[in-house]
Amino acid sequence: MSAPATILDMCCGSRMFWFDKNDDRAIFSDIRKEEHTLCDGRRLIISPDLIADFRALPFADASFSMVIFDPPHLERVGDNAWMGKKYGRLNKDTWRDDLRQGFKEAFRVLRPSGVLIFKWNETQIPVRQILILTDRKPVIGQRTGKKTIKPTGLFL
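Residue numbering for the sequence shown follows my numbering, starting at 397 and increasing by one per position.
Treat the hints as calculated values from the structure; they're not laboratory data.
The structure displayed is predicted, hence computed values, not measured ones.
Among the clues, some could well be false.
[Claimed, not checked] Have a look at the derived ranges for each label pair, beta carbon to beta carbon:
hint, residue 1, residue 2, range
1, Trp478, Trp414, 17 to 25 Å
2, Leu440, Arg507, 29 to 37 Å
3, Asp420, Gln525, 31 to 39 Å
[Said to hold, decoys possible] Calculated pairs, PhoX-like style, for lysine-lysine (alpha carbon to alpha carbon, straight line, at most 20 Å):
hint, residue 1, residue 2
4, Lys417, Lys429
5, Lys500, Lys533
6, Lys515, Lys533
7, Lys482, Lys417
8, Lys417, Lys515
9, Lys515, Lys500
10, Lys429, Lys482
11, Lys515, Lys482
By construction, the Cβ of each residue, glycine as well, lies at the ideal position given by its N, Cα and C atoms.
With the hints as constraints, model all of the structure from the sequences given.
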């Protein structure tokens, strides 16, 4: 029997940045479970361990030593666009409240002295508009391109 998971990936999608996409230290959660064939023939598989909304996580307070919050970053994307299938989409009317609640939930399930890894892509929404949605300040972050930040910040 394996040890209880100590990491929560609360918007896992297809687990793209995980070296081990089945890491038993983690619970992979997402609001959707679906499969798609992309335009180049590759299969996109979104198969979380748990179907859950990041705004209302089904875990007790202080459950995880690490939480990964990589929410959808696209507000404007077509219904059949591969970017929307791959990364999900934000609701154009509620995304600020949705992400604000996502931060609250991430910090709620995070243990004291735990680490929140937040990942964001600035393609449509600048990170400065995101970081104001929480009163916690990131410790570090790294820009990896003109419009991309991965990860945006590590929070303690």
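Consistency of the hints with the structure:
1. Trp478 to Trp414: 17 to 25 Å: For Trp478 and Trp414 the Cβ distance comes to about 20 Å; the hint holds.
2. Leu440 to Arg507: 29 to 37 Å: 32 Å, holds
3. Asp420 to Gln525: 31 to 39 Å: The hint (31 to 39 Å, Cβ to Cβ) holds, given that Asp420 and Gln525 are roughly 36 Å apart.
4. Lys417 to Lys429: 15 Å, holds
5. Lys500 to Lys533: Answer holds: Lys500 to Lys533 is near 13 Å, not above 20 Å.
6. Lys515 to Lys533: 14 Å, holds
7. Lys482 to Lys417: At roughly 16 Å apart (the allowed maximum being 20 Å), Lys417 and Lys482 satisfy the hint.
8. Lys417 to Lys515: 17 Å, holds
9. Lys515 to Lys500: Holds, at roughly 16 Å.
10. Lys429 to Lys482: Distance of about 12 Å is within 20 Å: holds.
11. Lys515 to Lys482: With a Cα-Cα distance of about 15 Å, the restraint between Lys515 and Lys482 holds, given a limit of 20 Å.
Of the hints listed earlier, there is not a single one the structure fails to meet.
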